[in-house]
Amino acid sequence: MTALLEVEKLAVSFGTMRAVDAISFTVESGEILGLVGESGCGKTTAALALMRLLRGATCTGAARLADVDLFSLDEPAMRARRGSDLAMIFQDPATALHPTIQVGDQLVETLRTHLNLSARQARSRALDLFRKVGIAAPEARLRAFPHELSGGMCQRVMIAMAIACSPLLLLADEPTTALDVTVQAQILDLLRQVTREAGMSVVLITHDLGVVAGMADRVAVMYAGAIVEMAGTDRLFAAPRHPYTRGLLASIPALDQGWDEPIPTLAGSVQSAFEVPGCRFSPRCPLASEICRSAPSLREVAPGHFVSCWNAA
Amino acid sequence: MLRFLAHRLAQSVVLLLGVSIIGFGLMHLAPGGPLALYTINPTVTAQDIERVKAQFGLDQPVAIQYLKWAEGMFTGNWGYSFFGGQQVREIVLDRMPATLELMGTSLFLALMIGVTIGIVSAVRRNSVADYASAVAAMIALSLPTFWFGLLAIYLFAQTLEWLPAGGVASTSGGDLVDRLRHLVLPVAVLSFVLVAQWSRYTRSAMLDILNQDYIRTAEAKGLKRSRILLNHALRACLAPLITLAGLQLPLLVGGALVTETVFSWPGMGLLFVNALGMRDYPVLMAILMVSAFVVVLGNLLADIAVALVDPRVKLGYG
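Chain order of the listed sequences is A and B. When we follow my numbering, the leftmost residue of the first sequence carries the number 119, and every step to the right adds one. When we follow my numbering, the leftmost residue of the second sequence carries the number 43, and every step to the right adds one.
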């Protein structure tokens with residue numbers, strides 16, 4: 119049986135700048151894959167490439183969703199899949215919603231674009247969706263404008279819009295980053311609940327390891343446009359193999375840490391792919407050696423655990 | 043809303059009062075006067091001039107003249123023209139339809155064409171069409187209206203003889219087609235500059251909007267490009283465009299003045315220019331006040347319209 123989403127050697131470049139460098143991963147049906155990495159490592163770019171919403175970028179490789187190669191579809195066929203087969207949630211819900219259209223209309227629009235519904239049917243479907251994502255007083259909220267809602271409420275609207283046509287795959291790009299911590303937990307619970315119910319697959323993009331630990335079945339760690347480690351969530355947190363993943367995990371402050379103890383950080387800063395020959399993490403890597411001058415590729419070090427490092431223990 | 047209206051109305055009254063004082067003052071500061079012509083006329087004696095001055099009230103201090111005039115404006119008696127003695131209100135209101143016809147048609151056309159060009163340039167950025175519209179807009183903005191008007195008359199009326207050179211209708215009366223033919227050149231000239239402004243403004247506003255997150259959301263929802271452009275992008279563009287329409291009114295009034303003169307269009311602009319030459323104070327002041335009123339009212343309507351299309355805008359004390 120093949121996976122729901124198969125991404126093969128996806129590469130994205132803007133001119134000579136390589137933002138995503140031949141990444142491959144799969145997402146099983148009903149699975150939540152965490153895509154982790156620091157700002158600018160190519161997480162969002164990879165997701166937008168899957169949606170084919172990148173302007174001025176060259177994408178190569180293949181992405182098969184339910185055995186359909188997204189990159190070989192013509193634009194109308196791709197458009198028909200956006201919002202219905204694969205949907206996306208964005209980082210800042212306050213700017214991702216149209217400021218002068220009632221949120222109910224924005225949702226109804228999605229429904230009527232993909233499903234053959236009358237205005238009245240779509241309206242009642244929208245009401246159901248608002249109830250489902252836990253919006254209080256849904257009838258009144260349908261007529262609200264985004265600026266009248268809180269950030270968490272806006273993100274609930276975005277989630278309602280994303281799941282409106284029961285997509286096979288949901289791309290959630292930092293869905294909680296712009297929200298208050300207490301609201302973050304609610305939104306994550308909601309996401310988990312609605313996707314589990316519908317058996318939806320999710321690619322959860324975040325820089326927050328805590329979010330991944332609580333949500334994802336599997337985690338892929340990205341660094342400078344490439345996936346450096348991929349494993350089941352429990353295994354990745356218990357036995358990280360790549361020095362970058364280890365560094366990331368070590369830099370999470372512990373609750374019992376004294377306030378004056380320094381937080382361990384990774385030395386140096388991210389360098390873009392074409393500046394570093396070989397392994398792009400090597401300039402910051404404590405394990406770097408002569409062999410790192412040539413680029414490592416992902417290898418399976420344990421069942422389902424992939425690492426892209428020569429020296430990984 | 044009511045408080046906002048009351049506030050703005052009070053503001054408008056003060057504004058119009060200011061316009062009237064400055065306008066009246068400037069007019070009287072200018073050298074010469076309505077009777078200047080007679081002083082070099084040997085058949086008119088000094089006593090005659092004094093007598094006429096007293097008749098028109100021009101021998102009184104400017105402040106008194108102003109107060110008398112202002113009282114008349116409020117009570118509906120706009121005075122009598124110094125030349126011909128007709129009621130000013132009649133003359134001005136008589137000319138108003140022609141000006142409104144010219145201005146309204148030009149504004150409407152400019153809006154339609156300018157916004158369309160702006161959207162196309164934004165969507166097809168850096169295309170041949172985009173550059174062509176940029177060059178055309180620069181030419182339109184650099185050319186003086188009167189020169190462009192004369193050029194149009196020379197080409198289309200004089201040389202090609204396609205269209206009439208001036209007036210609202212042929213002397214033989216004129217049906218609708220005839221009136222429309224007369225409207226073409228002045229409207230084209232007046233709206234040329236407006237189209238240039240609208241297209242550049244729409245382009246930059248649209249470019250800004252097309253880069254917004256909510257446009258990406260609309261794309262991610264799988265909406266058609268045309269729907270994204272017309273329903274999402276254009277809707278977000280409405281508020282700035284309405285504001286521009288309000289701001290353009292004074293320019294339109296000024297443009298109409300020149301255009302009416304060039305095309306001998308019998309509107310308020312032509313009346314103003316003629317009255318200016320003869321220092322017909324009551325007529326000048328009446329037109330000044332009517333134009334100022336239109337501009338103030340237009341801006342008030344624009345503010346209300348912006349609040350209607352953008353729910354984030356709350357009408358407050360501006």
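Just so you know, these hints were derived from the structure itself, not from any lab. There could be a bad hint or two in this list.
Said to hold, decoys possible - Here are the simulated SDA-like pairs of lysine to any residue, each with C-alpha atoms no more than 20 Å apart in a straight line: (1) Lys266(B) with Ser242(A); (2) Lys110(B) with Met69(B); (3) Lys356(B) with Leu267(A); (4) Lys356(B) with Met196(A); (5) Lys266(B) with Leu416(A); (6) Lys266(B) with Gly158(A); (7) Lys266(B) with Arg230(A).
To be verified - Computed footprint of chain B on chain A; a stretch qualifies when at least three of its residues, placed anywhere within it, have a C-beta under 8 Å from a C-beta of chain B: (8) 197-209; (9) 342-354; (10) 357-364.
To be verified - Far from chain A, some chain B residues (derived; all Cβ distances over 10 Å): (11) Arg50; (12) Leu77; (13) Arg93; (14) Gly146; (15) Val162; (16) Met180; (17) Arg258; (18) Ala262; (19) Leu280; (20) Met331; (21) Val338.
Nothing here was measured: the structure is a model prediction, and the numbers come from that model. Backbone N, C-alpha and C fix where the C-beta goes; we use that ideal spot for every residue, glycine too.
Against the structure, the hints come out as follows:
no. : hint                     : in the structure
1   : Lys266(B) with Ser242(A) : violated (23 Å)
2   : Lys110(B) with Met69(B)  : holds (16 Å)
3   : Lys356(B) with Leu267(A) : holds (16 Å)
4   : Lys356(B) with Met196(A) : violated (40 Å)
5   : Lys266(B) with Leu416(A) : violated (39 Å)
6   : Lys266(B) with Gly158(A) : violated (30 Å)
7   : Lys266(B) with Arg230(A) : holds (12 Å)
8   : 197-209                  : holds (count 9)
9   : 342-354                  : violated (count 0)
10  : 357-364                  : violated (count 0)
11  : Arg50                    : holds (23 Å)
12  : Leu77                    : holds (59 Å)
13  : Arg93                    : holds (65 Å)
14  : Gly146                   : holds (27 Å)
15  : Val162                   : holds (18 Å)
16  : Met180                   : holds (27 Å)
17  : Arg258                   : violated (6 Å)
18  : Ala262                   : violated (5 Å)
19  : Leu280                   : violated (8 Å)
20  : Met331                   : holds (37 Å)
21  : Val338                   : holds (27 Å)
Taken one by one, the earlier hints fail for this structure at numbers 1, 4, 5, 6, 9, 10, 17, 18, 19, listed in ascending order.
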